[in-house]
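Visitor: Here's the letter readout for the chains.
Number of protein chains: 2
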Amino acid sequence: MKLGMNFMIFLVLVSCFWLVPTFAAKQQKLRFDENGEFKILQVADMHYANGEKTLCLDVLPSQNASCSDLNTTAFIHRMILAEKPNLIVFTGDNIFGFDSANSAKSMDAAFAPAIASNIPWVAVLGNHDQEGTLSREGVMKYIVGMNNTLSRVKPRKVRSIDGFGNYNLEVGGVRDSDFEKKSVLNLYFLDSGDYSKVAKISGYDWIKPSQQVWFEKTSAKLRKKYIKGHVPQKEAAPGLAYFHIPLPEYASFDSSNMTGVKMETDGGDGISSASVNSGFFTTLVAAGDVKAVFVGHDHINDFCGKLMDIQLCYAGGFGYHAYGQAGWSRRARVVVASLEKTGKGSWGDVESIKTWKRLDDEHLTRIDSEVLWSKSSRGSSG
Amino acid sequence: MKLGMNFMIFLVLVSCFWLVPTFAAKQQKLRFDENGEFKILQVADMHYANGEKTLCLDVLPSQNASCSDLNTTAFIHRMILAEKPNLIVFTGDNIFGFDSANSAKSMDAAFAPAIASNIPWVAVLGNHDQEGTLSREGVMKYIVGMNNTLSRVKPRKVRSIDGFGNYNLEVGGVRDSDFEKKSVLNLYFLDSGDYSKVAKISGYDWIKPSQQVWFEKTSAKLRKKYIKGHVPQKEAAPGLAYFHIPLPEYASFDSSNMTGVKMETDGGDGISSASVNSGFFTTLVAAGDVKAVFVGHDHINDFCGKLMDIQLCYAGGFGYHAYGQAGWSRRARVVVASLEKTGKGSWGDVESIKTWKRLDDEHLTRIDSEVLWSKSSRGSSG
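Listed in order, the protein sequences are those of chains F and B. Take the working numbering: the last position of the first sequence gets the number 435, and nothing is skipped along the way. Take the working numbering: the last position of the second sequence gets the number 435, and nothing is skipped along the way.
Mixed in with the good hints, there may be bad ones.
Identical copies look the same in the list; a pair holds intra-copy or inter-copy alike.
In the SDA-like style, the derived pairs of lysine to any residue whose C-alpha atoms are separated by at most 20 angstroms in a straight line are [stated by the list, open to error]:
no., residue 1, residue 2
1, K274, S213
2, K253, R276
3, K270, D215
4, K250, V338
5, K428, L360
6, K158, L123
7, K253, S305
8, K158, N103
9, K82, K207
10, K250, Q183
11, K270, R212
12, K359, G341
13, K207, S263
14, K270, S213
15, K287, A273
16, K106, A157
17, K250, E288
18, K207, N180
19, K250, R189
20, K250, G341
If you're looking for bench data, these hints aren't it; they were derived computationally from the structure.
Using the sequences and the hints given, assemble the complete structure.
Guide: In structure tokens:
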């Protein structure tokens, strides 16, 4: 494979010359940087197994010879270098349990570039993570114990909740600005499960009522904090939600109302959601703060579409040992939230949330840039 | 109006000669009777206002002259006499707040036949109950204070839950049978709300995650109790759920797979559910114990249809001050659960759940009898 040697050299270089990132992970509190930006790199469906021994799926014959999990590793390194994100989010199927000889080792390798970068990172689970030597709980607990991660098995102060890997993160305003002590961007991470455990329902799992109640309560609490106290606000701070399996509402889009592509053909509508609707989209609309949802799962869908003022986005498949389409580059999604510049030469609250994707080609080509949400459109869209 | 005078005489007779019903309401514990049966009368959409002064809607010209809320009252009396139910369930829009001069007085009149019968009764709220002189909470609190009702504002031991009128009732097996101390039939009552409070969602309200978590926990607790202890069982006891607004899944039926009719034309599919799916159907399927759901709201739909082994039923409109269709009789739904006869000449657990409707015509014509669920089909249907 043409890129093989370049990648290996690249990996060595990266390991040697890795520099201080924009955000130190030891500092647990996430915060917008001095440029008033907070950037998130989403990595969907790495499907990592055993490194060099695990070969690629669906690549061109010219790539096939030396292509392995190491190409996935190299792609993360390149993305981190190119984008210098403030947070890396792995949205499940991080490892491909079936092919992994040892789930812990697969995770060590899969998350190594994130850990090495010293950038805070989090992960949620997909439907394949638990298919190896560790259970779903075991996988999530292992992740939580890794370096530089802000992942959690379950939210604080919650006695019981379905799934493993439901938690939220607050992103504070710029240091020394009015919003220094407020969370101006709220991130929600949920476990969308693996497969239905209900005999009468086939297919994929769904987000349960207990998770939705936790989300509702958390959203309400954050809203209350935001509209009170120092620099009281009229509305909740914007939120973003990350999980693995798309909601049934992802089926609402076609080429006329999406940015990106839908190339999957599963189930007729090309969306591999649960076969039932568990109401999380309704819960999101009712809460009102989440402006965009980001999932993986369907590797050859990479679109965003807006429904009831919520952007429903895929990242597109990232991993080389995940199915894909030969000749259609592996890709990652970047989201950047930007703060408003205040008259005082300081920074306010979030003004816009933009996204783009990058392809794993020679130039990490940036595609499908778009504004997902902006403060100015808040009024008009209700 | 032809029936007017007959009804008045009938009302007087009923008031004078009302006899002891099969079940004394003061005994709070519901129980199958000595014939191994438990019968529920569902009264949907009385739309009661100010009694004699409140005229009927959508009746034939020949009925119009003297038709009023009193016809609704007479119909309840006749139904109670004809069916002698063990429980009466009012599934919302019990009063029509807009036209009621005094919500409490409207309720006094609307529930009077049930109270007079000395049969235990319960109510949930529709979307019109709070449109008078009392708030939604006020209406439900008033109901709970009335005689012979087992209604509750909220479930025991639950700190916070959306809505007013979420509770459950257990129905014990026959006295002196093995199932005497077990709930062999579980009844769930939920507040399906009134109208969306979310700006971006128009139309009717929906059952919230907090209510679903309560349902899930209650169902799980009842299952646990049922499969343990004395006469341990393999599966949960069957359950029935009552509320006002149909679930979006009610749109799954047409004349090919329903018993009864769908004459509404709202929203194209003839089902006035919320415009969003809040996942309660999924939650019901996942819990597994509820075999049938009973709603009102759409007065000229009266069908049952089975989806994923759950019967979704309407009662059909009952009240004369509610819209309907002239010449299409007001109606009520009856459900009877029957216990299995054991070899010992005693009674076991629930063997079947049957339903029919009765029309408010001269003979209270019984129509659309069908078996909703039977124990013997349990295995084959999963």
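Visitor: None of the hints should be skipped; say for each whether it holds.
Guide: The hints, checked one at a time:
With identical chains, the CA atoms of K274 and S213 are at most 20 angstroms apart both within one copy (19 angstroms) and between copies (15 angstroms). Taking the shortest alpha-carbon separations for K253 and R276, only the inter-copy value of 18 angstroms comes in at or below 20 angstroms, while the best intra-copy value is 38 angstroms. Proximity of K270 and D215 under a CA criterion of 20 angstroms is satisfied in both settings, with 15 angstroms inside one chain copy and 12 angstroms between copies. Taking the closest pair of Cα atoms, K250 and V338 come within 20 angstroms of each other only across two copies (11 angstroms); inside a single copy the shortest separation is 27 angstroms, beyond that limit.
In this homomeric assembly, K428 and L360 come within 20 angstroms of each other (Cα to Cα) only inside a single copy, at 17 angstroms, whereas the closest approach across copies is 43 angstroms. With identical chains, the CA atoms of K158 and L123 are at most 20 angstroms apart within one copy only, with a shortest distance of 14 angstroms there and 76 angstroms across copies. In the homo-oligomer, the alpha carbons of K253 and S305 lie at most 20 angstroms apart only across protomers (17 angstroms), although the nearest pairing inside one protomer, at 25 angstroms, exceeds that limit. For the homomeric pair K158 and N103, the shortest alpha-carbon distance inside one copy (8 angstroms) is at most 20 angstroms, but the shortest distance between copies (74 angstroms) is not.
In this assembly of identical chains, K82 and K207 lie within 20 angstroms of each other by CA distance solely inside one copy; the values are 18 angstroms within and 40 angstroms between copies. For the identical chains of this complex, K250 and Q183 are intra-copy neighbours only, at 15 angstroms inside a copy versus 40 angstroms across copies, given an alpha-carbon limit of 20 angstroms. Proximity of K270 and R212 under a CA criterion of 20 angstroms is satisfied in both settings, with 14 angstroms inside one chain copy and 13 angstroms between copies. When the C-alpha separation of K359 and G341 is checked against a cutoff of 20 angstroms, the pair qualifies only within one copy, where the shortest distance is 14 angstroms, while the shortest distance between copies is 34 angstroms.
Taking CA atoms no more than 20 angstroms apart as the test, K207 paired with S263 passes in both settings, with 12 angstroms inside one copy and 18 angstroms between copies. Taking the shortest alpha-carbon separations for K270 and S213, both the intra-copy value of 14 angstroms and the inter-copy value of 11 angstroms come in at or below 20 angstroms. Proximity of K287 and A273 under a CA criterion of 20 angstroms is satisfied intra-copy only: 14 angstroms inside one chain copy versus 41 angstroms between copies. Taking identical chains as interchangeable, the C-alpha atoms of K106 and A157 lie at most 20 angstroms apart only when both belong to the same chain, with a minimum of 16 angstroms there against 76 angstroms between chains.
In this assembly of identical chains, the alpha carbons of K250 and E288 lie at most 20 angstroms apart only when taken from different copies (16 angstroms versus 38 angstroms within one copy). For the identical chains of this complex, K207 and N180 are intra-copy neighbours only, at 18 angstroms inside a copy versus 37 angstroms across copies, given an alpha-carbon limit of 20 angstroms. For a Cα distance limit of 20 angstroms, the shortest separation of K250 from R189 inside one copy, 14 angstroms, qualifies, whereas the shortest one across copies, 37 angstroms, does not. In the homo-oligomer, the alpha carbons of K250 and G341 lie at most 20 angstroms apart only across protomers (12 angstroms), although the nearest pairing inside one protomer, at 30 angstroms, exceeds that limit.
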